[in-house]
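Trainee: What follows is the residue order along each chain.
Protein chains: 2
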Amino acid sequence: MPHEFFFQVKSVAEVTEEILSFSPLEPVEEDLLRARGRFLAEDLISPEDLPSFSRATMDGYAVRAKDTFGARENEPVILNLAGEILMGQTPERPLQPGEAVRIATGGMLPEGADAVVMVEYTEEIGPLVEIRRPVAPGENVIQKGEDIRAGEIVFPRGTRLTTGRLGVLSGLGLVRVKVHRRPRVGIISTGDELVPPEESPPPGKIRDINSYTLAAGVEEAGGEVTLYGLIPDEEETLFRAVERAFQENDVVLISGGSSVGTRDFTLKAISSLPHAEILAHGVAVRPGKPTILARAEGKAIFGLPGQVASALLVFYLFVRPLLLHLQGARREELALPRLRARVTRNLPSAQGREDYYRVRLREKEGTLWAEPIFRRSGLISSMAEADGLLKIPERSEGLYEGEEADVYLLP
Amino acid sequence: MPHEFFFQVKSVAEVTEEILSFSPLEPVEEDLLRARGRFLAEDLISPEDLPSFSRATMDGYAVRAKDTFGARENEPVILNLAGEILMGQTPERPLQPGEAVRIATGGMLPEGADAVVMVEYTEEIGPLVEIRRPVAPGENVIQKGEDIRAGEIVFPRGTRLTTGRLGVLSGLGLVRVKVHRRPRVGIISTGDELVPPEESPPPGKIRDINSYTLAAGVEEAGGEVTLYGLIPDEEETLFRAVERAFQENDVVLISGGSSVGTRDFTLKAISSLPHAEILAHGVAVRPGKPTILARAEGKAIFGLPGQVASALLVFYLFVRPLLLHLQGARREELALPRLRARVTRNLPSAQGREDYYRVRLREKEGTLWAEPIFRRSGLISSMAEADGLLKIPERSEGLYEGEEADVYLLP
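In order, the protein sequence lines correspond to chains A and B. First residue of the first sequence: 715, per the working numbering; consecutive thereafter. First residue of the second sequence: 715, per the working numbering; consecutive thereafter.
Just so you know, not all the hints are guaranteed correct.
When chains are identical, the list treats them as one kind, so a pair holds in a single copy or across two.
[Claimed, not checked] Here are the simulated BS3-like cross-link-like pairs (lysine-lysine), alpha carbons at most 30 Å apart as the crow flies:
| # | residue 1 | residue 2 |
| --- | --- | --- |
| 1 | Lys1003 | Lys858 |
| 2 | Lys1003 | Lys1105 |
| 3 | Lys858 | Lys892 |
| 4 | Lys1105 | Lys724 |
| 5 | Lys1078 | Lys1105 |
| 6 | Lys724 | Lys1003 |
| 7 | Lys858 | Lys780 |
Honestly, the hints are just simulated from the structure, not real lab data. All of these numbers come straight from a predicted model, not from anything done at the bench.
With the sequences and hints as input, model every part of the structure.
Mentor: Structure follows, in structure tokens:
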């Protein structure tokens, strides 16, 4: 029976560096409404002041602040009421000394006015307004350009477009933005024992789980999936499938059958691609050791473990970061969201590799606990129960019950 | 100047109960590849055992465990090699006592075999196999149905279909699933001072920010958006727009201009819908007090604050939970993901209402800190900088620097 060897085992940190050496995809212009979750391909510079005029932030009266100095509850200042500024209207004339003009929240301050007195501290008496409290210059006003200035970098390149940021861009009229293209990802599953999920497997065979699982993961990471189906453990067929997926995509994921033979074919197929360079063959991580990463003509090709839970860990550790990196994400945004939790029991680990445990998270009296899901390797149901992946670093020999560790939240 | 009053102010908890009183939308059958992030509309029952046959979890030899009892490094047990089972193949005949058959990870155990000896502890010598370690029954084997049993509830109704769960379903051949329909959401912005984001606003006017911001939020929450554009502060026009959006959607969001007059129109327009019932008019939350929630013919209509950051808070507090609830999510999945963090400074609050502060999160020496973003009301740029929303509960009068609080993570 053939034994497997890995000729270029790398640490997780080393593979991560290789991931970062790929070039982000070219920029495309996208409608703002289709840009959520994407990353800016250029510094975004404000074309104008926001707001474009000084606005009231309260209902009340626009005034010259110094006209109100000395006003008190029992000794109000009396100003001349000089009309009203409705929402969306331009003031008809500048405010003269000794005048006040009625204004609603959001209304445009007239020239000469520099503050707004809240309606609560006023009373209209015919053509006059009593002001019972003084205001400082700028009080209850947003100045022109106070939010964002024309020419200012609103968001630097690499910023993820969240809901709140899309709001800011629409306020600036930036309804089309330059973001990086979404990566196209081809997915191949190999293994003679597999049948497509739609089919009923005859005895000895099982359904392909990796294609759908990886497809869902790629989609969540912003990629566009093409499934190349099941390729039998046959060298020529695999070569042709890999070659085709390589031509049609930016990234190719080949998840190997569990047999060593298939993995040999996978390595050979990847190596035969034009100018292929094997960046890693074996990663010091458990699970997920039999991982291959290669580059050919700037594209990334992964050989992933056949066991689906291992394939998914490697996906979150390397493939998802690569897909985000190709979309222009900043380095600190590549990993899954992380939090700290205490482990509910001792967890062994070996020095010299990163270990990941699938965990459930439970809060108990304000403390977050990570409970490892112990299942025998190969059971897929555990994959569905995990809230996160608990990491035991390379240099650690394990964790004691109650110790804190990083947990990466599964999307 | 008109003053505003709210005739049915409710607490956040009360409004949340009203949200839960809406009925989830009808189930639809969806392809697994399109079901990510959706919620199961029925208990999902496994049609079959998984795995459907007992499988090896290691490369090695399938044996009857009791034949190996007593085997040691220096006193191996000798078994007859009875061929090989390849991946995806059916064993040709049952395993007889005294026999071993070569098997690869994932291979189907022959009848009679109940364990696998790892290849490391064996040696083939012609037609014989030396076994140098005993195995217990079941060792290195996943039993038929050990992962999931036929007839078992795999995932109960309301389960969110994550990447891992989609994998499990594809393994069971459940490539179409019943999930709740996505809610259709109509968005209306009102206010004479607004122009569409594509246009350049004349003096005194500003761009509509709420439509795009709310649209992005609805999309993130799984809804399907229709924008009804900008409606001027004019009763008849608003009535017609609200009526049309109501007919064409499951949920209508009307974000009011900042003026009290517009909000009056909004309340009237909502009240005029068939069998309209005002569930809340005013919510004890800051920001976000001027919120309206109504039900008409089982549909939800929201009147949201005009200021976009307030509208977005109300969106995350009530609208997003409703959209998830309509899609069949369980109660514990309705809120944004939550974590605990210490505040970097004293934060005042008033008893009798929930206060929310936009915060940035920073980790410092293993402790998570929430730093409030203090910006004057009406500045939209703060919306883009927040990582989360820090909550000060109704009964609290505020937090001291260093105290822990709940922070809801913004998507």
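Trainee: Run through the hints listed earlier and report the numbers of any the structure violates, in increasing order.
Mentor: Of the numbered hints, all hold.
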